[in-house]
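Protein chains in written order, with my numbering: chain A, 204 to 493; chain B, 204 to 493; chain C, 204 to 493; chain D, 204 to 493.
Misleading hints may appear alongside valid ones.
[Said to hold, decoys possible] Some, not all, of what chain A presents toward chain B, calculated at C-beta under 10 Å:
1. Gly318
2. Phe354
3. Ala384
4. Ala388
5. Val420
6. Ser481
7. Ile488
8. Leu490
Keep in mind that the hints were calculated from the coordinates and are not lab data. Glycine included, each C-beta is placed from N, C-alpha and C at the ideal position.
Protein chains: 4
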Amino acid sequence: MKVGFIGLGNMGAAMAANLVEAGHDVTVWNRSPDKADALVETGATLAQYPADAAQGDVVMTMLADDAAVEAVVFGEHGIAGAPAIHVSHSTISIALAERLAATSGGGFVSAPVFGRPPAAEAGQLFVIAAGDSALVDACQPLFDAIGQRTFRIGDTAPAANLVKLSGNFMIMAAVEAMAEAMTLAEKGGVDRKLLLEVLTGTLFGAPIYRTYGEIIVEDRFRPAGFAAPLGLKDMTLADAAATRYGAVMPLLGIVRDQLRSAIAVDGEDVDWAAAASSVRHASGIALKGQ
Amino acid sequence: MKVGFIGLGNMGAAMAANLVEAGHDVTVWNRSPDKADALVETGATLAQYPADAAQGDVVMTMLADDAAVEAVVFGEHGIAGAPAIHVSHSTISIALAERLAATSGGGFVSAPVFGRPPAAEAGQLFVIAAGDSALVDACQPLFDAIGQRTFRIGDTAPAANLVKLSGNFMIMAAVEAMAEAMTLAEKGGVDRKLLLEVLTGTLFGAPIYRTYGEIIVEDRFRPAGFAAPLGLKDMTLADAAATRYGAVMPLLGIVRDQLRSAIAVDGEDVDWAAAASSVRHASGIALKGQ
Amino acid sequence: MKVGFIGLGNMGAAMAANLVEAGHDVTVWNRSPDKADALVETGATLAQYPADAAQGDVVMTMLADDAAVEAVVFGEHGIAGAPAIHVSHSTISIALAERLAATSGGGFVSAPVFGRPPAAEAGQLFVIAAGDSALVDACQPLFDAIGQRTFRIGDTAPAANLVKLSGNFMIMAAVEAMAEAMTLAEKGGVDRKLLLEVLTGTLFGAPIYRTYGEIIVEDRFRPAGFAAPLGLKDMTLADAAATRYGAVMPLLGIVRDQLRSAIAVDGEDVDWAAAASSVRHASGIALKGQ
Amino acid sequence: MKVGFIGLGNMGAAMAANLVEAGHDVTVWNRSPDKADALVETGATLAQYPADAAQGDVVMTMLADDAAVEAVVFGEHGIAGAPAIHVSHSTISIALAERLAATSGGGFVSAPVFGRPPAAEAGQLFVIAAGDSALVDACQPLFDAIGQRTFRIGDTAPAANLVKLSGNFMIMAAVEAMAEAMTLAEKGGVDRKLLLEVLTGTLFGAPIYRTYGEIIVEDRFRPAGFAAPLGLKDMTLADAAATRYGAVMPLLGIVRDQLRSAIAVDGEDVDWAAAASSVRHASGIALKGQ
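Hey, can you work out the whole structure from these sequences and the hints?
Next comes the structure, spelled out in structure tokens:
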């Protein structure tokens, strides 16, 4: 297929590379064009403007936040009026997803993903797709190139964003739960690493507990895999959705405060798992290495 | 080995049966002696008093709460002065575990378990053991008969209780997280069953999410597998441990309120997973079947 | 002074009337011009466009939210380029206050007020003013006409908005505290009216406890003096400020959820004091009259 | 009247002195008898045992916690079987108040007080009394000697304890609200002293906001007027009441965590107002003098 890809950060560059490798005709665009060099070497074409990447079948966007998406869609030389189906992989607000669905010329599919950069490189992301089913069908070969499995959420595009925000909230909820349990254990004389072994060896054998559990045990919050301010941004999008739809979410309130605290006390450069540092500090436990 | 077993509820009866089947010489006691009938038929001996079950190598207790344990240990004809090693499987307070450790005549091992009745029947519990290592070694054949794996937490017996309380807190934390995410999804137009499929199919593939997730999706809170008042009791023990050790646990505060609310609104006979009903009610969603 | 007044709701109409009565030359504008009839009868002039009300010394705005303020300032025939000092009385976001301060032609003063409609009618509001001190000095005669006292918060205009948001948060915090204490008392057999008498008769003799306490005792949430969705809007502005400045505010998180719950369960037309209904419902207490 | 007084701490000694001054025949007892010296000099009699102070019309107890009250009532030479009416001023659990009411020989009145030591010295306490009305009538002259006003809560003695616990919760709720608002203001560039002036000068003119507000503005947490561990004990009694009666109290959960954090981070010797330090620390603000 003839596909454009806009946004070549850690995630986007890996996803675009997999599209190239799968044999698609890929045109890329990034605000800093040098990020495209490696892709161009493997056969991708560099576009001058976002709109240039949206003249084929599909254009995918993978960007940091609402503002970045709005810039490439509605900004000068944006993709707003272009003929390609717009597939949005970014974690954005429900409100922006609705606006994109309502204004897209070529059709709109929301397709946020679960997975960190190594999963993106391996083509092992999970794709959460929603939108008109004919459009999603058309995009399925592309999703197969970047992910291990696609979940279809229905015809209403923003529903996929809601699922993505819910999933990110669940991750932070698990981080908070581990942080509190480890703090209780440690202050009561039980090594937190041992507690994690028991948890993951019994009822909590999911990847999320292993991956984040080790980060928390080691206080390994730098360098950030996913920075705390981005995590706070996502939780604020979830909070806006909760207000919009009338959902009561006290645990969401807690994790937002923990992220604010991590940023205020530990700095902007920590991983979002540093939300776990807040109950440590509040309980009088120093972080390792401090 | 010559072993006594005190407390023949759903969990205890299944554990005692596995000890009999493994060839041990088992003497049982229960406040309502008729609960022992089936075990006696398979070869167990019925004791008249708790102390009579504590004259062998080991006496195990599996009871509902601190008061029940205090009664069989320190009450009339209790096991307090008996020669057997006391292995406590009950979910009890840190304070009582300390008292039992300090006063036991034959030695004391704390060995709470993870697993619901079907796991107990299958001999597939997880045993969390702490105490003098020679004592734990001596009990290992018994743990092998009731469980699939034993985690050793160290020499201080109450440490095992702290791990058990932490684990139960983690379960309630996962229930709260799912309840909030499903409420957000549902109010935003996404079926909660579909959300659960995405979660368990991606990052949250642990048994706890499958088991409790289905209960929450279906609002299947009756009959109770583990009743909400018992869950609240456990969370209150965790809270007492947090005060004792100086741990800050805001999420624990939330789940305790959700359990109080479930009991106040839905009744005492609901499963502890009904903690999930609180954010439903607060968000204006009726439970299924209401 | 020659002063314009934009926004003639319950609060604004009363404030404008006091300006007329104090002898100022008042030009008014409202989206629905019929709201100006009574004022015109007493001597005010009706403007065709917002900008027409901003040609004198000062133009005051008292509107429902950010969007309404943006419309009269930056919209067609807005006051953005007009010569008058812009005094903003509305409860708006820190971000909008900054933008207004940065773009105002005639100078900008933030002057949100504390007080409900009866206080506005009596000219007994509290004015919270911030901005260039010469500008605030110039506006002082106007503040004296609408309020009983002016608090000056400094040179940076948005600081007054931050104080206003903090004050509204404090009101909701007191509502939540009373709601929880009354629920505890009532479920324990103590009449909530009696509890309120003890509280206001001892340590809590402030107006806020008397006024809101009686509303909560009586579950008198309709008609709304200040509607719950507006209260939630204010708490969301406070939340945005907390994120912006890095402040941890768990109690703010709670009151936001209580407001969401009140709206979801009781409806959009309840007073913001209906935040108190959430712990009632969660504790299994029916509201009076239900 | 012939009255005994047990417990001569800061509060109790001042209360007993006012009884002597009002002309009553006062017998005192304290675990450390030297605390009675000043009272004996003014005419009080020193008892050898608690029971010796309970042979007259009334015996009052003012002690630190449940354990201390249990010791003087049910311990050796305790007042349990004595003929005097037992008036309990201590802040104790609902459960203990019920037990005292059920077992008292001479009748039982619960009469906890609001007020700090200076109010006790001035005879200006608020007395919260509950119990059989004939008994309360009999004690009224004594309450008049120690307090400025008596609130009668009804016939069920523990109801007075519930009101006292509710009031202490309200104080901590106000502390938390001020701490969060001041933290938000300070991080946004508004002096917290100025914010307090606005709050107490407008809607929050109650003594509680002035007294605690100044403590919080100055971070004046030492020496403790009422120590944080005692405050945490009271909040834990309120929590036990919430569990017992089925009341949902999320704000109570927060203040308990803040007190745990203050003790863990700042030490056991801080005032309970140091609960305010927790959001400061979490938001990256250092306490004054640190």
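Against the structure, the hints:
1. Gly318: 8 Å, holds
2. Phe354: 5 Å, holds
3. Ala384: The hint holds - A/Ala384 has a Cβ within 10 Å of chain B, the shortest such distance being about 4 Å.
4. Ala388: 6 Å, holds
5. Val420: Result: violated, 14 Å to nearest chain B Cβ.
6. Ser481: 8 Å, holds
7. Ile488: Since chain B brings a Cβ to about 9 Å from A/Ile488, closer than 10 Å, the hint holds.
8. Leu490: 15 Å, violated
When held up to the earlier numbered hints, the structure conflicts with 5 and 8 and fits the remainder.
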